[in-house]
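Engineer: Sequences are here, hints too, so could you generate the full structure?
Chains as they are written, first to last, in this note's numbering: chain W, 100 to 314; chain R, 354 to 1067.
Rather than coming from a laboratory, the hints here were simulated on the basis of the structure.
Take these hints with a grain of salt, some might be off.
Pairs of lysine-lysine residues, derived as DSS-like cross-links and limited to a Cα-Cα distance of at most 25 Å, are as follows [unchecked claim]: (1) K694(R) / K604(R); (2) K408(R) / K141(W); (3) K820(R) / K743(R); (4) K383(R) / K439(R); (5) K199(W) / K700(R); (6) K578(R) / K189(W); (7) K700(R) / K189(W); (8) K424(R) / K694(R).
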Amino acid sequence: MKHVNIIPLLIAALAFLAVTASANDRYTEAMQKNIEIVYKGKSVEEIQAAVNAFERIGDAEKSKWEPFYYASYGYLMVALRQNDPAGKDKHLDLALGVLKKASAVNPGESEIVALEGFIHMIRVSVDPASRGQQYSGLAMQTFGKAIGMNPENPRALALMAQMQYGTAQFFGSPTTEACGTLQKALEKFDSYTSENPLAPQWGRNMAEGMKEKCK
Amino acid sequence: MKNVLILCFTMLTLPVFAQVTISGVVTDVKGEPVPGANVLLLNTYDGTTSGLDGKFSFTTTEKGMQSLVVKFIGFKEYQLQLDLSKSYTGLTIALKEEINQLEAVTITAGAFAASDESRRTIFRALDIATTAGATADIAGALNTLPGTQKVGESGRLFVRGGDGNEVRTFIDGMLVLDAYGPAAPNTPSRGRFLPFMFKGTSFSTGGYSAEYGQALSSALVLDSKDEEQSSRTDFGLLSVGADVAHTQAWKNASWAGKIGYTNIRPYFGLINQEIDWKKAPVSIEGSSAYRQRVGKSGMFKVYGNFNHSDFSLHHHDIDDPDVTTLIDVNNNFRYLNGSYKTSLNEKWSLRSGLSYTLTQNNLQQGDVKLNESDEGIHAKLAFDGSLSDKVEIRTGAEVINRDYQAAVDTSSFVPGFHEVISAAFVEADLYASNKFVTRVGGRVEYNNLLNQFSVDPRISFAYKTGKNGQVSFAYGKFRQSPKNEWLRWDNQLGAEKSDHYILNYQLIENRRTFRVEGYYKTYSDLIKFKNGNPFVLNNEGSGYARGVELFYRDNKTIRNADYWISYSFLDTERDYLDTRYAVTPSFASAHNFSVVYKHFVSSLKTQFGATYSFTSGRPYNNPNEDQFNNGRTRSYQDLSVNISYLPKPNLIVYFSCTNVLGYDNIFGYEYSNTQNADGIYNSRAIRQAAPRFVFLGVFITLSKDKSINQLPSL
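Structural biologist: Have a look at this one:
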């Protein structure tokens, strides 16, 4: 009789696990599907739809930072596809706004800070002459902060390398520092592992592309 | 066990059976489809994005009462309660437009806003610093914008037929009594405040907000920077002096101090000057700024500035140049400005400030000594509120307390006055939509000295004609106390008044800006000499000014280049002071044209700049002619260049030269008070002190982050 009592309990426990696992799977699945779209999406409409999905998930899952992080990344991708400065700025504003929600959930996440720096960096490109001074300093500071929070974050390093390279090139000074940072970034891309199946994966191609310049 | 299994099974499969569909279309209030809208059930994953035709459809397994939410940028969020026991098809969701201050129409009549923060400005703070010919002087750079008239011997801003003192400067909302440094007669003065201190400059050539009073023609509103992010030390070695500055940054605060010494004597030793200096100008100046962030949204700022300058020169008599009079000027200036800004709640924010200005000017002309002192305190408290997304309110009160004295050592009589102006203002921005806004408000003032109570209305409208174009109109009534030199003789005078009517069209498209503005302005109660006697004054003067102005700016067409072109036409006459009847005043010119060009050459790490200005002839009175004010000077022309070279991230070499072509500009003529033997009044042209002004500077910045340089301050 004893084990008869245990069996239903075990099954109940297993069933419970299955339910929570399926809830988690549902989150991961929904996220992964849309992450794929923001990484590979071609049209603005596709990305906007994924961003909307991230915002829905983020509103429902109040303890997760990833949905708003990817919504922000999506807006940044839309900004890059805009031709007029006003449209770029508008989407950068949206990217920054939704990223604030992510950092409210997880203020210590280096990836969020690195993405913030990326937004500042793109802000410069809208009007380098008048914004360079303000935003390139801000971008560098933010990348520095992200690296400080997690020295293993390859994206923060790769973005920092880009900024350093651009500055060195502008002043015709040696690019050794920038290329050093890039080397570190590439190493970290190789060694980077995360237990989080939704951890950001982007940035490697950008770093690989920069490798040419550092030869 | 069986029961448990059934329960588990039900839990996992039940939703499949309870699936409902929700579909429909998202439109705006006019019925136009809105694509890209997020359609969702609140706090669930379920939802979709509206398609290009605005249509949406999704299924959900949720049950019971749920909130359907539809949201999209630029529209108000829409919510609808749905009982999910059945499907919903054919829903029509009309989204209402949300008024967004960033996207919405702005009132641009009369206003030139330059800001690093707002991204829709047509003139930026950095533009001031890098305009050739301006030598980093705020007034000099703004002189390349429409609405200004070049008055080369003054250096001040003259706006739309107004005198130089009709433009008032405000720092963080607080009045500056004397915004220009002292200058020898007929030589240009420089602004006391350096452009790099400010993150935003708003230059209004008329129709400005009710918040700003005591300005007849124009308000120059400067917003100082917030706290600095990083520590640094700057050195400047200039051909006319040196300066050193240090900035210390903490987590939520920063302190910056600067000391500068300017001595133009060695320079004047090299380059021959029109002026017979005894002692060329020397000045020592210091400024200091402290910023502290308080709580989440509070910002506390203190800024202080002191300046001492002196010079002396021999003034040669027009009839006999060998007869000279010594003019000796000794000037002290102190300015202290404290302000605090914070948000009170989601809707309201508070601004408060206190400023103190002291100007002491000791002037000796021959044997006569005049000691002038002007001391002012300005206190202000203002509130900004968003009552809804359609109504913005600005209201506040201020007191301007001023003590002026002018002592002449040959007389025991000390003319002076004590003026207290108490004022309150209220202004509301009413948005009918993102396309149409009305600003209505007024300013109430009581002036104890003039014993005048006044109500000055302001109203403006702006309408967006398309995605990038807009029309705006502004009207306002403005007043200003008479100049110190009149008020000190007669405390019974009234304020001088003006009315502005401005119509503006502006088109901003992809880094190109076109602007055209027309205006009509009337002056009343201007100071007038009774029967030409400068000691008997009244308020019976009057005048008008009208004109059309064009502005075009383009930093798109030519790569790495930015240029702007301004043209102003002015027709003005005034019957005031000693004029016999209404005439065009000597500072007014009918045509003002300027082109500013800046080009960055990456391979040389150098920015080249050039500014060309043209001003048509200005009137002057020739006592040898029967007709009053009949003379016209020849036109004014100037081509100035500057070069900034950045060999290293923290080093800048800067060179500038005004009037490269050496054009002999004449600003007017002075006449002798008495006729010579032939019955003619002898004359002398008022010229530039030297044909050119050449400046060379080397600027070094030391900081942890080596990429910081002083470019924004040049």
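Engineer: Against each hint, give a clear statement of whether it holds in the structure.
Structural biologist: Checked hints:
1. K694(R) / K604(R): Holds, because 19 Å separates the two Cα atoms, which is no more than 25 Å.
2. K408(R) / K141(W): The given pair, whose Cα atoms are some 21 Å apart, holds under the 25 Å limit.
3. K820(R) / K743(R): 20 Å, holds
4. K383(R) / K439(R): 29 Å, violated
5. K199(W) / K700(R): 21 Å, holds
6. K578(R) / K189(W): Judged against 25 Å, a Cα distance of about 24 Å means the pair holds.
7. K700(R) / K189(W): Holds - the C-alpha atoms of K189(W) and K700(R) are around 23 Å apart, at most 25 Å.
8. K424(R) / K694(R): Answer violated: K424(R) to K694(R) is near 33 Å, above 25 Å.
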